[in-house]
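455 is the number that the working numbering gives to position 14 of the sequence shown; each next residue is one higher, with no gaps.
Worth double-checking, as some hints may not be accurate.
Dumping the calculated DSSO-like pairs for lysine-lysine here, alpha-carbon to alpha-carbon at most 27 Å [said to hold, decoys possible]:
| # | residue 1 | residue 2 |
| --- | --- | --- |
| 1 | K502 | K583 |
| 2 | K525 | K545 |
| 3 | K516 | K502 |
| 4 | K545 | K524 |
| 5 | K525 | K538 |
| 6 | K491 | K575 |
| 7 | K583 | K473 |
Hints were generated in silico from the structure; no laboratory data involved. Since the structure is predicted, the reported quantities are computational estimates derived from the model, not experimental observations.
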Amino acid sequence: MKSLLKPVFAAGLVLAAASPILAAPAAAQAIKGIGVADLNAAVVNSSAYKTSEQQRPVTYKAQLDQANARAAQIKAQLDPLVKKFETDRKAANPDQKSLEQQEKQGQQEVNTILQPVALSRAYVAEQITDILPKAVENAAKKKGVTLVLAPDELRYADPSYSIDDAVTAELNAQLPSAQLVPPAGWQPRQVREQQAAQGQGAQPSGPQTEGR
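Produce the complete structure using the sequences and hints provided.
This is the structure we're talking about:
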């Protein structure tokens, strides 16, 4: 039976790497007025995102080290139980539910340790996505584009349609760097909206632009 514990850096902490279907843009659009923008690629190529990815392992080293150490301890504790489970499964009815519950609890414990790291990533992402619509608009205008499509809406597009680099350049101009550590009590927008809808009161608002 495979352990349910996930590696620390695979537990939802790394933003999925962009895999744009488009290469670098050519000098001119194939059909004037149409552009294709892979927004995920534009974000992960921005200076604010790249810098935060370099700073986070240093700023949150204590949490990452603690999570890795605890995950190793939990694995060492569960490995004998997994072996026993495999043995029991061949002979009788193994206690699968108990083993899965222990593994789940261990993963939850590690995730709790890593919560500040996850909040940092969400905080940086929100700062970038807050300015993304304006960055796309500015890039489109500079390229003479009046219709912007996303790659996942297309089966194929010539690389000359891509405005990814232009969007990234606008993001860099508007947000050269992002705040890495969120204010005390900060929660992602989705959580804030859910709390507001439930009448739980306002949480600290979105990213502050001062003091980067």
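A quick look at each hint next to the structure:
Between the alpha carbons of K502 and K583 the distance comes to roughly 41 Å, so the proposed pair goes past 27 Å and is violated. With a C-alpha separation of about 18 Å, the suggested pair K525 and K545 falls inside the 27 Å cut-off, and the hint holds. Note on K516 and K502: the hinted pairing holds, with a Cα-Cα distance of about 21 Å set against a maximum of 27 Å. A distance of roughly 17 Å separates the Cα atoms of K545 and K524; the hinted pair therefore holds under the 27 Å criterion.
Note on K525 and K538: the hinted pairing holds, with a Cα-Cα distance of about 14 Å set against a maximum of 27 Å. Straight-line distance between C-alpha atoms of K491 and K575 comes to about 20 Å, which keeps the hinted pair within the 27 Å bound. With a C-alpha separation of about 12 Å, the suggested pairing of K583 with K473 holds against the 27 Å cut-off.
The structure is inconsistent with hint 1 alone, although it conforms to all the rest.
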